[in-house]
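Protein chains in written order, with the working numbering: chain C, 1 to 279; chain H, 1 to 279.
Check before you lean on any hint, since a few could be wrong.
The list cannot tell twin chains apart, which means a pair is met if one copy fits it or any two copies do.
Below, a list of computed lysine to any residue pairs in the SDA-like style, where the Cα atoms sit at most 25 Å apart [said to hold, decoys possible]:
#, residue 1, residue 2
1, 204, 184
2, 207, 174
3, 204, 169
4, 260, 244
5, 260, 38
Treat the hints as calculated values from the structure; they're not laboratory data.
Note that this is a predicted model, so its numbers are computed, not measured.
Take a look at the letters that make up each chain.
There are 2 protein chains.
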Amino acid sequence: MPSEALQYPTKPYSKVNRYDGRATYALKTIHELVNTCPILQVSFTAPDSPFPMMLPMLGQMGSFARPSSDTGDVLELYLHGYVSSRFINLSRKSSGGGDVSGAETEPSGLPITIGASHIDGLVLALTPNSHSYNYRSAVLFGHAEIVTDVEEKLWAMELITNSVVRDRYCHTRLPPNNAEMQSTSILRVKIASGSAKIRSGMPKDDKSDVEDSALLDRVWTGVVPVHYTLGAPIPGPYNRLQALPAYLDEYVSESNQDAKDIAVEAATKVAEPKPKLED
Amino acid sequence: MPSEALQYPTKPYSKVNRYDGRATYALKTIHELVNTCPILQVSFTAPDSPFPMMLPMLGQMGSFARPSSDTGDVLELYLHGYVSSRFINLSRKSSGGGDVSGAETEPSGLPITIGASHIDGLVLALTPNSHSYNYRSAVLFGHAEIVTDVEEKLWAMELITNSVVRDRYCHTRLPPNNAEMQSTSILRVKIASGSAKIRSGMPKDDKSDVEDSALLDRVWTGVVPVHYTLGAPIPGPYNRLQALPAYLDEYVSESNQDAKDIAVEAATKVAEPKPKLED
């Protein structure tokens, strides 16, 4: 049964203009790209800086109000990482209660942009210009606020910890104490829009090059799959567990198999015609 | 013989404030992080957008004027990828010849910020809050202009193609033809400042947790190394070379060995005292 796939509205700032056959605005696709990206790049402008700020952060999509939501539902992005004092100050300023007239033109929170990119392969073509990557890249635009509610903060910490290693949270010392709660900042981003761009498959060279027999005899063409690998876990100085816990062992093996499969599938995928929105 | 390591000036927008023992401003470190990052995130502001723009791009540090420069020298960043018409228009506008009075307060070019992040390991601690990544993350701030000089553009295309696979450029159909030169945009970024932040080593938990014997008996602590793997190259539909060329085969094996070594070394590294700048 095909579900009705939710799409982000295309805004002037979020619309993909070039290679738009590679673009998607589907919440599910975008949210999955963000959730599986180990480091997100978060950008915002600061009034006293000539350049945008950029911070690497961890993040997961979720809904505190409806925790059982599917990845294709309307979700917020929860971010964790070093939140600079500049970021916090700007975020607090932006969260102030609207303008004097009471007219609310902009959502509260600091406007931020989040980039999530995966590389799936090196696409080696006959000419330098036809070289490419197989990649999956998403960008989200939204308004960030510091999470102050204790329940929501704990829920988000669990969400983000379990994104590092599945089921890790319940296998640690809980609950976080007061000092830990104070020193940890979580941001909640209300998403305004987003888009993703995906390239998969084999190299595509121009006809004139593909018909050049001497060139074909000389240049190797194809795809080198690229993926993350989790290596054998290395016990720390105060670890006492001789055997790796099952949840961790399984997570490492499954992650590695999935990552490999995704890269090989991306390389060998045959481009399908894009389904129409109304289908 | 210790060389005099060049450092980027610390500006208010580039200074690392938290965990500043993990920060570095050394050109060599920052440039190497950028050069080995397969996807850079590039951010800039557009006057008609409430959010910063963000684009994934490929990039390499280099000097067209002094091509034999070392990675620790003063270099420009050359970027390749989809350059949006918005980006090009803003970049052209910014490159216009200063203001009417002739006073040049700002370098020409569009102010952009570039983020490059590597993940080296999952740092699994006793408490959720002490979890971390081993990572190497750099940010550069600079002014971007479109490269119009043909020689410089060809040089940059070679630089960037060879960053995808070492020695690839000379093994393809050369030189790029007119149509290819027209359809490819290369940006040159004059760097104003930059910084990097690096975390390595094992988990570090609070004393009270490390002294909790029951906790130590229950929670596995240590590092799961993380690195990119290049899979076995998959020939494309019009590839005729039965054997993988030596330069490609060697690149794949060496990259994999290096990536694995870096992740394991990051995990097992013992923190060294930071050398003083004046030493």
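Next on the checklist: Checking an output row: residue 260 and residue 244, CA cutoff 25 Å. Within, between, both or neither?
Outcome noted: So residue 260 and residue 244 pass the 25 Å test inside a copy (22 Å) and across (20 Å) alike.
Next on the checklist: Regarding residue 207 and residue 174, is the shortest C-alpha distance of 25 Å or less found within a copy, between copies, in both, or in neither?
Outcome noted: This pair counts as between: shortest inter-copy Cα distance 16 Å, intra-copy 62 Å.
Item to check | 25 Å Cα threshold - placement of residue 169 relative to residue 204 | outcome: between (45 Å within a copy, 17 Å between copies)
Checklist entry - With identical chains treated as interchangeable, where does the CA-CA distance between residue 204 and residue 184 reach 25 Å or less: within a copy, between copies, both, or neither? => result Between. Shortest inter-copy distance 16 Å satisfies the 25 Å Cα cut-off; intra-copy 48 Å does not.
Next on the checklist: Within, between, both or neither: how does the pair residue 260, residue 38 come out at a Cα-Cα threshold of 25 Å?
Outcome noted: both (16 Å within a copy, 17 Å between copies)
The earlier numbered hints are all upheld by this structure, with none contradicted.
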